[in-house]
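Undergrad: Residue-level listing of the chains:
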Amino acid sequence: MSNNPYGKVAFYPGCALDGLGKSYEVSFSLIAKDLGLEYERLNDYNCCGALEVKNVNTMAGLLLPARNLSLARQVNANTIMSACPGCHYSLSRAQYYMVKYPKVREKVNAYLEKMGEKPYDLSLLTIHAVEFIYNTVGPEGLKAKVKRPLKGLKVAPYYGCLYNRPKPYTLTGYLRIKDDPERPHFMDELLEAIGAEVVPFEAKTMCCGGPHVYSDNEVSLHLEARILREARKNGAELLITDCPLGHVAIETNMNKIAEKYGEDLRMGVVYFTQLIAFALGHSPEEVMLTANLTNPMSVLKRYL
Amino acid sequence: MPIPESEKPIIKGVIQKEKVIVDGVEVDGTWNAFLIERTQTGYDPSVWDEIANTLEGVTISACWQCGTCTSGCTMREYDDNFSPRRFIDLARKGDKQALAELQDSLWRCVSCQKCTHRCPKGVLVEEVVHAIHNYALKHGLVKKDPGTIFDELFLETVMKNGGRITELSLASAAAKAGMVTFSLRDLLTMAGPILKSGIYKDLLKPAKIKNWDKIKQVLEEAMKEEVVPE
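Taken in order, these protein sequences are the chains called B and W.
Residues in the first sequence are numbered from 1 upward in steps of one, following the working numbering.
Residues in the second sequence are numbered from 1 upward in steps of one, following the working numbering.
Derived by calculation from the structure, the hints in this document are not laboratory data.
Watch out, some of these pointers could steer you wrong.
[As the list claims (entries may be wrong)] Subject to a maximum C-alpha distance of 25 Å in a straight line, what follows is the list of computed DMTMM-like cross-link-like pairs (lysine to aspartate or glutamate):
id, chain 1, residue 1, chain 2, residue 2
1, B, K107, W, E225
2, B, K100, W, E77
3, W, K201, B, E40
4, B, K100, W, E221
5, B, K100, W, D186
6, W, K210, B, D18
7, B, K256, W, D79
8, B, K118, W, E221
9, B, K256, W, D89
10, B, K107, W, E156
11, B, K103, W, D79
12, B, K260, W, D80
13, W, K216, B, E38
14, B, K107, W, D186
15, W, K121, B, D18
16, B, K260, W, D79
17, W, K196, B, E285
18, B, K167, W, E77
19, B, K154, B, E113
20, W, K208, B, D180
21, W, K196, B, D18
22, W, K208, B, D44
23, W, K216, B, D44
24, B, K100, W, E50
25, B, K233, W, E77
26, B, K107, W, E50
27, B, K114, W, E220
28, B, K260, W, E50
29, B, K103, W, E230
30, B, K107, W, E152
31, W, K210, B, E286
32, W, K196, B, E286
The model shown is predicted, which means the values in this text are computed figures rather than measured ones.
All chains should be modelled from the sequences, with the hints used to inform the complete structure.
TA: This is the structure:
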């Protein structure tokens, strides 16, 4: 890594990347290899608690992510990177509460020790995979390695809610290496670097209804339809995601959305790492583009 | 004298009596019209205290009721009664009655974090809304809602599945609770790529954490702990 503001980076995969989001991790590791990104994967991680556990039990909502923070420190990492914004949020949240409330910190650390882990020393920076690529290799470095420029491909980058929100946890707007708090552009620039055309897209950080995708399904469908409509309206051919929650929610709901809100909303949904890895010359099978439920290859086959 | 038509909306809830005697003198006309009691009573100041004493709710006191949270709220567009600003107002006043009436709205926050992100006073609004909802649940002001049921299923799945979740375990738990239905077409769309790519192996058999049994035990113990913001 020629330019690395992060020191040693630990990679927190999170449950999603070991499940339906496997294509996300596979493509991410392909990129990392091609671009020379170094990180250590935390293999013994546990669920971060996402947006659900914290509502049921305060202590569990802190202890689950705190154990992962402790794991990252045990491999002497300075930064913990998540590919899932939900995990990024959850880890940042635990860090926030542990920094702010000394007694809470003591309690959490006492339980960590009981689990056989080291107490967490609050020294990590929490980042998302988009920031990691942007601030190390950067768009210029990426551009130099592109073997299959995606010229003329119109894409809408969907960052989701938790990539840069809320700023008290994620520190967007407080640090120079963090993205813009209201109008993120890191992923836009990475996608432009591989030759794609980023369409104007106001739904970049709009909510997909994630945590209530099952419990308040009607609202989720409507929100997802709005994201897709915004992308379609601006001429996007693919929706590019950096969030496995949003990605899976939109993909699994696509049939219902198309039935309810119009067939024209049917659109390929691709992880940004998949698209970058594809542009770096990897085959659709390697990048697992065939695993996407929305068949993005119907658009991408013209670049083969 | 009857109340003029144009003034009626202003003085809603007027009691007009046939015959009123004040200090031995019979009064009539506008003098025998009374406003009904409009002072709301029964506020419970302990509501604010209790919420401010939770880790999630501690920032409730910093709110200055500007409404920035509500003006950008995702859920607001779908539910007119969903107003973080109002929830905070009612909780601070301790108006349990009004909170109870909001039972179909209180739980519907989708955690998009716009409110917390934008609050000019540093109130962690999303957290406070959940703290208020948790208060209402704990004190039986509202019934258990689908959101909470799902959250509990999520935690249960984490504990049962060796510290991690899979979409499959979560979706089947949600389906069992009757929250979600997949049509045959949905299942077919999903099955193809999942089988072809081999992802099904990971879905069926999530990897376990090495020390899970011990960690689970500590977690169960920790979950009994009450956390206060200090």
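Undergrad: Check whether the Cα positions of B:K167 and W:E77 lie no farther apart than 25 Å.
TA: holds, 23 Å
Undergrad: Keeping to a limit of 25 Å between CA atoms, is the pair of B:K260 and W:E50 held or broken?
TA: violated, 44 Å
Undergrad: Would you check the hint for B:K260 and W:D80, treating anything up to 25 Å between C-alpha atoms as holding?
TA: Within the cut-off at roughly 23 Å; holds.
Undergrad: Is it true that the CA of W:K121 sits at most 25 Å from the CA of B:D18?
TA: Not OK: W:K121 and B:D18 at ~39 Å, beyond 25 Å, violated.
Undergrad: Has the given pair, W:K216 with B:E38, been kept, meaning a C-alpha gap of at most 25 Å?
TA: violated, 32 Å
Undergrad: Does the alpha-carbon distance linking W:K208 and B:D180 stay inside the 25 Å limit?
TA: Roughly 37 Å between the alpha carbons, so the hint for W:K208 and B:D180 is violated.
Undergrad: Against the 25 Å threshold, does the CA-CA distance of B:K256 and W:D89 hold or violate the hint?
TA: Answer violated: B:K256 to W:D89 is near 38 Å, above 25 Å.
Undergrad: Holds or violated: are the alpha carbons of B:K100 and W:E77 at most 25 Å from each other?
TA: Violated - the C-alpha atoms of W:E77 and B:K100 are around 33 Å apart, more than 25 Å.
Undergrad: For B:K103 and W:D79, compute the direct alpha-carbon distance and say whether it is at most 25 Å.
TA: violated, 38 Å
Undergrad: Between B:K260 and W:D79, does the CA-CA distance stay at or below 25 Å?
TA: holds, 20 Å
Undergrad: Does B:E286 sit within 25 Å of W:K210, going by the straight-line distance between their CA atoms?
TA: violated, 30 Å
Undergrad: Is the Cα-Cα distance between B:K154 and B:E113 25 Å or less?
TA: Outside the cut-off at roughly 50 Å; violated.
Hint compliance for this structure: hints 2, 5, 9, 11, 13, 14, 15, 19, 20, 28 and 31 are broken, all remaining hints hold.
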